[in-house]
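Trainee: When you get a sec, could you build the whole thing from the sequences and use the hints?
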Amino acid sequence: MTRLLGVLLMVLIVYAVLMGSFPPARSLHNHQTLAERLGYYGIPTLGVGVLIVAGGIDLSIGSLLGLVAVYFGLLLSGPLSARQTVPLALCLGLDGVLLGSALLPAIGISRRIAVLLSLLPGAALTWACHLYLPGQRVPPWVAMLMLLAFASQIGLFHGLLITRLHLQPFLVTLCGLFMYRGLARWLSPGALALPSDPHTAALRALLVSDRLLGFPHILLWMALVALLLAVLLHGSVYGRYWYAIGNNEQAARYAGIATDRHKIAAYVICSTLAGLGGLLFFLMYRNATPSSAGSLLELYAITGAVLGGCNLRGGEGTIPGIVLGAAVLPLLQQICTYNADIGSDLEYTVIGGALLLATIANEVVTRWSKHR
Amino acid sequence: MLQARGIRKAFPGVQALDGVSLSVSAGEVLAIIGENGAGKSTLMKILAGIHAPDAGEMLLDNEPVRFSSVAEAMARGIVLIHQELNLADNLSVAANLFLGNEEIRGGLLGWLERRSMNDRARRLLERVGLEVAPHRLVGELPPGQRQMVEIARALARKARILIMDEPTSSLTQRETERLFEVIAELRLSGVAVVYISHRLMEVQAVADRVVALRDGRNSGELAREEISHRRMVELMVGRDLKQFFRRGHAAGGSSVPPVADVTGIVAETGAASIRPEEHPIRLEVRDLCYQGGPQTPISFAVRGGEIVGMAGLVGAGRTELAEALFGLRPLVCGEVRLDGRPVSIRSPGDAIAAGLLLTPEDRRQHGLVLEESVQHNLGLPNLDRNSRLGLVLPRRESEMAQQLCQRLRVRTPRLSQPVGLLSGGTQQKIVLGKWLVRQPRVLILDEPTRGVDVGAKSEIYALMDEWAAAGIAIVMISSDLEEVLGMSDRVLVLHEGRLAGELPRAALSEQAIMHLATGGSEEREA
Ligand SMILES: Nc1ncnc2c1ncn2[C@@H]1O[C@H](COP(=O)(O)OP(=O)(O)OP(=O)(O)O)[C@@H](O)[C@H]1O
Ligand SMILES: [Mg+2]
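Chains A and B, in that order, are what the protein sequence lines are. Just so we're aligned, residue 0 is where the first sequence starts under numbering that gives the first Met the number 0, counting upward by one. Just so we're aligned, residue 0 is where the second sequence starts under numbering that gives the first Met the number 0, counting upward by one.
Derived by calculation from the structure, the hints in this document are not laboratory data. Do not rely on the hints blindly, as some may be mistaken.
Said to hold, decoys possible - Pairwise CB distance ranges, derived in the manner of DEER restraints:
1) A/Ala123 with B/Glu139: 49 to 55 Å
2) A/Ala101 with B/Arg7: 57 to 63 Å
3) B/Glu139 with A/Pro133: 51 to 57 Å
Just so we're clear, the structure is a prediction, and the values are computed from it rather than from any experiment. Every residue gets a Cβ at the ideal spot worked out from N, C-alpha and C, and that includes glycine.
Mentor: Right, dumping it as structure tokens:
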């Protein structure tokens, strides 16, 4: 509780500084820009926040976000070559296999046979993607669903490597950070621009730019994700399991919880939301540069989650806290943009320093309130 | 030597100590007794500089002292062995023994004198009778051996006042005896020993004087010649506990359990006589071997309504066997049958679904999520009952927790209290309480009364009896011989992972168990 008040106070202070020192920041237009940024940052921050509660960590979200944004651009404008479809087609094929082997046992087919059976449609799906996609322009909705499936598959890989092979989350996702960034750069040498067909424009309006009661849609989508995750984390048994696993995985295991499965689910959620972030990134900024789209986002997101009360050792953190934590960064960035003295070179130093100060203050407040 | 007067200490929601006084002199063994949550550990932590008292004074060698850190207290010769283990699992035994106290050459270079430290470690381990190489990792040792390492570490610190907070709760008879020898040596060399235990027989054996606490206050003191089981219980609980071990249908009513004469407590026998032989076999283990276990497979069976004690020395493989049955260790050969049907248990989830439950020995690592509340801990394995469509029903859960707490008399200021802040014995009740709402077929209790006070112990025994009467098969792993003798219908003795022998109730005796546990053959009991 005190943690939550701490972040809230922090957000209010940074906001007050921004509004107090830079009159242009007070415009309605600027508030809408801020709201869009918060929506965009909030989604991957929520994902990684839930994962941190469950005792995990994901360093690859920035790269994955970039990769998804680049794929999105390629699928929408259509210049994908056969070679370039391979990663996507493989992941989607695996999705087919998994879906099949999860659904078939429900109609009374034994597990082993279900896996064998679903290998077939999986392979077919891969092949179809590989044949059909090159040179095609994919309808934006289809591209979106494909890429969300792709991102969730990446999360599944992470989860499997970490739970089944007992690899360290830090290492697995750090390798991911390199791999996905590299893939994004390999896919497209230069920046991609959002095509201007009406379908894409409609999708952009719906997901990002339209306003409801003055709020940009992207913020509302973030709020919806936050609401769903809040129900999941604070109201459902899965949230209970994640907290227990994050605090003491052994005890959770002894209590009969399938800890591996729930950890994997947390990785899948995190990667899927990073993927969603990639889609929103491309729609919002209207372009994606393979080498920089989403770079450093993993650190922003993790910092936001930690500011919001997540403990990197796991088992601590709340959804409202994470949302507030995610709000600190866009505000700080604006202070840097508005302040001519800081300039873009010093921006990171200022942001880092401010975050450090905030963390110290938060720690002091929390400790002080514990002593009372 | 050390005196404490009018010590008070409050935690949010609890007055843990409310004006306690205490003194101990050189060469004396002072035992502190009291129910769970009476404030024993808190008092010791204050003496050792971990907590600062809210009020009261402490005199060391007649001069007032105030410790602001453990290091300060240690520098004045006060060393505390914690109730819960405090070793670095990833370090070797030797490194743990001298942690923060290393022998160093070369000043700031901090060159470690490994050789001489290893030598000293070996001597220390020998002194506590622990046959473990100094370079072994502590994490690989079973709890009992870790406890001995903890004791050896305290010896390495050359204490003048050595405080032991329930040192024997994970030790078996043999190690306990060894510890008593060490205590006797220490006493001769003028060290003051403060000894906390819920095993009153031990207190009787070692203490020169007993101080009892109740609800954070002194409730009485007994000099050496006044110490008796009954008097101690009176001082702790404030009432006379008539009936301690309770077996509603103890097989062979003629054989009065040998404990009765020692403790002066009568075990009730043969009240409601459903003979366990008449119950069907619930758990059958056939030629079982498991990963990391012994070469020889193990077989045994437990009937419904039967309490089977499982005895053995520390490291005999009892916990490992329990873990294998509970799906925590992969099985290599053999099979497990429940109610005559073979079951395949690959995870604790499978075991729970099949009705085979385990309460783990190490409550902090395996039994509890310390950071979480009493309610969440009690609710964790029961979420299937307290949820609908995946959503937790908090009302139903808190009702369940409320009932469990009442039934087990859990001493907590509120249901939202993190369990890590509860006293050791109270924590144990929560470990057991989790399973109370389920209807198990087989219950494996690994050290069920570890760190639990007499009052609560008798409640737990009553509960076990109730469970057995309901037809549940109970396997009770225990290092407390008194308890094994008092509660079991039959005892399986393990030695180095093998089943060394089986003793029916009629043949139960301390000697018979120890004989088998130390590797003797079964012939003798015939
Ligand atoms: N750090 C803490 N924060 C809050 N409450 C605490 C803390 N430490 C102890 N308590 C409470 O103080 C009371 C006394 O606890 P203590 O651990 O001293 O009991 P104890 O006599 O050692 O019991 P046991 O025999 O179970 O070990 C308990 O009610 C416990 O819940
Ligand atoms: Mg205690």
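Trainee: A separate judgement is required for each hint: does it hold in the structure or not?
Mentor: The hints, checked one at a time:
1. A/Ala123 with B/Glu139: 49 to 55 Å: holds, 50 Å
2. A/Ala101 with B/Arg7: 57 to 63 Å: holds, 60 Å
3. B/Glu139 with A/Pro133: 51 to 57 Å: Check passed, 56 Å falls within 51 to 57 Å.
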